[in-house]
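Enquirer: Position chain W against the provided structure of chain G, taking the given hints into account.
Read off the chains here:
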Amino acid sequence: MGKARAAGARTKTPAGARGGGARPNPNPFEVKVNRQKFQVLGRKTRHDVGLPGVSRARAIQKRCQTLLKEYKDRDKSNVFVDKRFGEYNSNISLEEKMLKRFALEQQRQHEKKNIYNLNEDEELTHYGQSLADIEKHHDIVDSDSDTEERGALSAELTAAHFGGGGPLHEKPTPAPGKDGERPRSRKELIEELIAKSKQEKRERQAQREDALELTEKLDQDWREIQALLARRAPKPGNRDQERPTPDAYDVTVRELGFEMKAQPSNRMKTEEELAKEEQERLKNLEADRLRRMRGKDEDEDTKPKHTSADDLSDGFILDQDDRRLLSYKDGRMSIEEEQSGEASDREGAEDEGEDAGEGDAEDSSGSEGHADLDSDGESAGESERPGEEQRRASGHASPGGGGGAASTELPYVFAAPESCEDLKALLSGRPTEEQLLVLERIQKCHHPSLAVGNRAKLEKLFGFLLEYVGELATDEPPALGTIDKLVVQLYDLCQMFPESASSCMKFVLRDAMHEMEGVVEARGRARFPGLDVLIYLKIAGMLFPTSDFRHPVVTPALVCLSQLLTKCPVLSLQDAVKGLFVCCVFLDYVSLSGRLVPELINFLVGILYIAAPNSQSPGYTLVHPFRALGKNSELLLVSDERDVATWQRRHLALHWASGPPARTETEANHIRLSCLAVCLALVKRCVHMYGGLPSFHDIVRPLRALLTEHLASRSHPRELQELIRATLTDMETQEERCQPLICEKSRPVPLKLFTPRLVKVLEFGRKQGSSREEQERKRLMHKHRREFKGAVREIRKDNQFLARMQLAEAMERDAERKRKVKQLFNSLATQEGEWKALKRKKLKK
Amino acid sequence: MEPDGRRGARRALGRLLEAVLASRAEANAVFDILALLQSEDQEEIQDAVRACSRLFGALLERGELFVGQLPPEEMVMAGSQGATRKYKVWMRHRYQSCCNRLAELLAHPSFQVTELALSTLMKFVQLEGTHPLEKPKWEGSYLFPRQLFKSVVEGLLSPEEDRSLLLSQFREYLEHDDIRYHAMQAATDTVARVTDRHPEVPLAFWNNAFTLLSAVSLPHQDGAASSFYVKRVEHSDKWKVMHLKEHRKAFQLMWLGFLKHKLPVSLYKKVLVIMHDSILPHLAQPSLMIDFLTRAYDVGGAISLLALNGLFILIHKHNLEYPDFYQKLYGLLDPSVFHVKYRARFFHLADLFLSSSHLPAYLVAAFAKRLSRLALTAPPEALLMVLPFICNLLRRHPACRVLVHRPQGPELDADPYDPGEEDPAKSRALESSLWELQALQQHYHPEVSQAASVINQALSVPEVSIAPLLELTAFEIFERDLKKKGPEAVPLEFVPAQGLLGRPADLCAQHFVLS
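From first to last, the protein sequence lines are chains G and W.
Take 1 as the starting number for the first sequence in the numbering used here and just add one per residue.
Take 1001 as the starting number for the second sequence in the numbering used here and just add one per residue.
Bear in mind the hints are in silico, worked out from the structure with no lab data behind them.
If you're wondering where the values come from, they're calculated on a predicted model, not measured in any experiment.
Where hints are given, some of them may not hold.
[Unchecked claim] Only pairs whose alpha carbons sit at most 16 Å apart, straight line, appear in this in silico EDC-like list of lysine to aspartate or glutamate: (1) Lys684(G) x Glu1476(W); (2) Lys1483(W) x Glu499(G); (3) Lys506(G) x Glu1479(W); (4) Lys506(G) x Glu1476(W).
[To be verified] Derived list of chain W stretches under chain G, where covered just means 3 residues or more per stretch with a C-beta under 8 Å from a C-beta of chain G: (5) 1251-1264; (6) 1328-1342; (7) 1397-1405; (8) 1431-1438; (9) 1449-1456; (10) 1493-1500.
Where is the CB? At the ideal position from N, CA and C, for every residue including glycine.
Same shape as in the complex, but just chain W:
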């Protein structure tokens, strides 16, 4: 029943389409097709969208749509222009309404519909680009259906719901230079408008915007064969879209426009994660990011850790002067640093920051002492990384070796180091010793114990590379321990087992019962 009816409807639709394309007299059938776009039924909508796509695609190619500033429909109808012109204007209005409806369909709950609408719209964009609906201002000027494309981008950046699936579809169009350029412009506009309009911007919008923005990736070098979505007969150097510099400007505008708003914390992290890799290198003026980065650095916690990476690039490559950088870095060190996800990245950067041999000894000593203090709460995988890290610090700065070797030092009543002091200069770390490492020599894991025992001997000259240790996980340690071959037979416990909870002296037996 249903398929039959469906097939019948589809056939009828096809007939209408043929009729409209065949003669202008049947043009009114367009209304029937457009009416179907409003349908409730998902399948019907899809059929109608396909029909529209074919219909207007054919009309665009034939040039049967009005070109130029579109006059109001009533005026033209009432006016005394030629029937052809009237038809073209009328048809252009139908096209307009079809596009509007398609843009609305981008918010349709069914993914098939939205996907189809998106591809249809993009097809229209392509056709409109090749057969522009506006008159070129001068010979060879660059024309792009900005209006239409903007509506597409707006539809994608919905403030209501998450469009990540659709955006991932859209991502493949971003491969093309022109689409990317215009998408950046459109996104900038949209972000500005939405944030203006809503006092409290919903999270969905931010996520959508971020998904779109992060999907934009600029080529690293100019002059690569540019690929255009809209096929052009000839390319002109005068077009902005041809130049990477313009792209970068647009890119910068887009990100700055996005980042100047107050973002949700989760988004902060996401942006900072990709900052050093895919944002900073493509900006026309990376130093403009400094405001954002300093703000993020001051937030504290994981966000600060992440901002460090961007800051490092600015300091390193763009001569940024950052006051009290090391003090802030010192302040970042707290016990959670060993437990967060970005541990590897943080220590990689910390290693870079502390690699300079021109750092004052008190500073390095403060870092070493702080890190070893924190190591008292660290899991083994972090310890295996941080212990060589500390030893490397001591190797680089021989002045700090008093921390592990103070031959004629007096015995002290208490550790002179002040863990609460924020300024490394006043922490009195140089007067202290790394007793924490001595305590860690008693760590339960043999490798940690060995790593901590390094300080018992005079430190060897070459530094230990911590790069392979950064990403170490507990599971890797576990596997390594399992695979390690003992030299002899497995030693056995010689006190015989007496029960599940062990001997009465055991803690388990003292505090637990079986039932």
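This is chain G alone, in the form it adopts within the complex:
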């Protein structure tokens, strides 16, 4: 109570102060100036000038109006509530008050009792009677007559049933006239009524039958006459038959009306449009790939694009926009984080397949998503080359085709393998087609849209399949044909689950590298790993884009390849084949991006060196895995003239990498020459690829020296010599461009502007720096304390006021009593005096 009053008083205070300020010449003795010790800029001072006398007077007045009143009414139980509008509101002038009151009264009258009654605005009267009532009265009369006409209930019946009643309905009944001696009882009356109505009914029926009979008779007569008439009348009953057999048109119309209406749809796309769309998609993907290749966004991410002139260079960057964008996905609202424009572009294009896999929980038809994926892939292949597509399709659609016979034995449902052993048990011993079929069925049975856990199962399947591929590669002989087919499955699975696929791939690579690291740490070099690692590396390059500037899988794979080329010495023909395969894989990795691979050049130099008689000539230096002299320094040298003559260029076989490639010396020599041919082809490729690099000639200088040496020896087959010559020509035709280097101009660093740091101050004099919640809590606690103190003060003042009032009351009471006593004494004294005077008079007398 005190508190509320205090708050009220506080709100009043400024108004009072204003009032005081508005007075032309305030009494200087009433003004109290609160002197400020320091002038603080920006601080609002509310209490610089106070009017203690005025405010005290106001407080007393207020108490008189409220507290005193309450005090005086303390023993009274009935209260007079004044509900007049604005009676105690002093802000409103009297006139306004009256106007408002009138308006309120009018409003109260105008309030509608029934919102559906539109006419009940004002009641119209006539001689004090409501016109509406009069109208109602007539209505009743009308309805009565109506019922009479319809013959539903006669007036007597109504009167009998509902007791008749009103003088309005009182009709002279025949009864008093007929047997006046005694009025019939109610029961009799009713019986009579019933009898009467029954009779009436019967009569009516008879009448209708008569009428019917008559009509029939008339009809018959008419027919007889009709036959005599010349004009042929329409067949009798024709109309009756016409009704049930509707018109064909009507039928159609009605049918059309009820038929399901086809939804309007987009027009089918033409072949050209589809092709164009596909081209567009590929173009987008390619653009995206180029963007990733340049790795530009990596820098852009870290640097803010724009630095404002007010930037303090204090490292504060609003690094991401927290706003979320609203979008709809499959008819549902989903709020996505804003992504950079290009990135979202890419998502839209590339993630089609991914979405089909991921969003399948919502997808009603899972197979649709799958089909999507397939067609996606196929159409992409189509644009590349149609022939391949055919092959792929046949591989995919094996259940219908050649695999039909095999599939009769295969079960259609497979449990998803829980470990690599399970998968092996499922697949081993089957021909390749069946293995593919099994895998396909596993994938179909466990499509993510079918059950919740399927996603995890298929994710694991990728890992197992990869492991299985590794085992196939280490088999003797390696089952490369099967791997060749399985790659497609791996690609599909990878498209569905990129995250798990990448982690599996990373795991496999890490495994291989760890194995190698151990050997390298111990001996400084390592053997070439088995075919499985090479195949993993190749597969990694097919599943992930190799041209990205940085890629979570491809970058480690590149390091791995580099390690193979720098740490593994070529000790046998087998190693040479492996090394060349690694080189091919490496060059395929960088084929799009055209990146420089120094290790590769070194390795090719080494291979060329071991294919020529040892002679250390200036111009090139062999590095680590190769030695200038030693056991294997002439590994690829072919000295047999006949073998050179009989050699024909052939592809290297990948399975040579896993077993001893040649049985006879001639065969070995041929393989040597094939290796050299591949090496030369790779050199040529390098020359083409790096031709544009600034110090191209320095890069290929060792190659050039060795090629010249090879050419000089003249011991190679003609084809190889041609190749060498062509490569050398290519090298020479690349002109050297030595443009002096110039640094990019960097923008001048803006001067530091010492704009103060702005911090929201919630309360002056409070500790800053704590968290927002803490500050808020402190602020509230402070406020509470202050309010509490204020309230206590107010209560104390109330008490003082009350005490004062009580004292005044008591004083007044006492004064009254004193006065009354005095008066009594006075009157008594007067009486006494009079009496004494009378006595004295008597005595005198």
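Expert: Relative to the frame of chain G, chain W by itself:
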């Protein structure tokens, strides 16, 4: 059967031992014990060695061996000295022969035997030290069984076979100051004698010697509480063995004596590896090493790289003036520098040598150009180190910044830099530009590419510390790449796979077939 026989033999041996120790009359039983030392059976030898150890240990402690210059046995036997003296001389001769046999046993094929022989000999050394077998020349003179100990060291430094296991056992004795001191002396003698005797010193000897020599490590400060293997009642300051200075002299003599010979290449490397750390600081006169180091520096290749470290200490701390040092350093830079094991050490030193701001610009430019030329053949882990290295050079020497920033330079037909020129002053590096770094911006590894792209902008002022990059290995890079989190989903290849060898346009498909 066998254990029973063994036990019986052992018991018999014990009885003999008791008898000899109990009365002088039974002294002839010593022959039986000594005879067992010659046995073929390993177990028997071990038993006999143990018995000898106990027997002569007890005799030494009792003082029942002749003290002084040992006269020939026959003379004493024939002579008319007292029976006690005769016995002592006789017993001393037996002790002598026992020690000789034990020294021979150090070459025994069985490691248990050699180990036991070594520990027995060392026990004798200790006992002989406390109960010297020679008369002190003056009161309180220092006596040590040099002869015996020398035979031990000789046995250890066998020219025939590798004794590294035994030497590692011996290493723990080297903790003691006196053993270490005498071992150094003995080793010096032995090395000198063996090299004199053999025209072609076998590799095993060098390895043994190196193992022993490198096992010697001197304390860094004098005055540390010296620990003696031979327990002495009192220590005298007059003894040489008490002073670290003497130790250092012996140490120096030993190493100089060792290094003046022509060492095998592998040993060269080993010596150079420990040179700066455990040899040079302990030499009395480190500058004496200069001959060895310059010779090694001129060998070329990895050995030169290693010699650099020692040379650096001599130049840096001992005011060595080395002519054409930088030219030689420049000559050391060849492609193999990025592939050798000592890459980190070399670049650490190269960084030190090139850290001076008083080097001429042409020199620094030549180094920068040479290094960037070599970087074209380097693996990524080396590139990640050498690219900041080159940038640091350019930062230190603003005059060399023309290599990356030549605003009004004319376009050239060819690189003016001459890679074949040995003298950095004539290599015309300052006229060139670092196009190699520009080429490396196209490197396949993203970090290398970024490191090479630094030159596109004006170089920032603070140098990049290359210390953490020196030891970087490819495996660490690999792990780092694996752990690096991509910002978004893994990008996928959009061209579908068609088979193991890829598309027909791929190189793999062009050059390889599956079968």
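Enquirer: Against each hint, give a clear statement of whether it holds in the structure.
Expert: Evaluated hints:
1. Lys684(G) x Glu1476(W): It is violated: about 33 Å lies between the C-alpha atoms, which goes past 16 Å.
2. Lys1483(W) x Glu499(G): Judged against 16 Å, a Cα distance of about 14 Å means the pair holds.
3. Lys506(G) x Glu1479(W): 10 Å, holds
4. Lys506(G) x Glu1476(W): Holds - the C-alpha atoms of Glu1476(W) and Lys506(G) are around 15 Å apart, at most 16 Å.
5. 1251-1264: violated (count 0)
6. 1328-1342: n = 6 at 8 Å, threshold three: holds.
7. 1397-1405: Since three or more residues must qualify, the claim that chain G covers the stretch 1397-1405 of chain W holds, with 3 doing so at under 8 Å.
8. 1431-1438: Check passed, 5 qualifying residues.
9. 1449-1456: holds (count 3)
10. 1493-1500: It holds: at least three residues are needed, and the stretch 1493-1500 of chain W offers 8 whose Cβ sits within less than 8 Å of chain G.
Violated hints, listed in ascending order, are 1, 5; each of the other numbered hints is respected by the structure.
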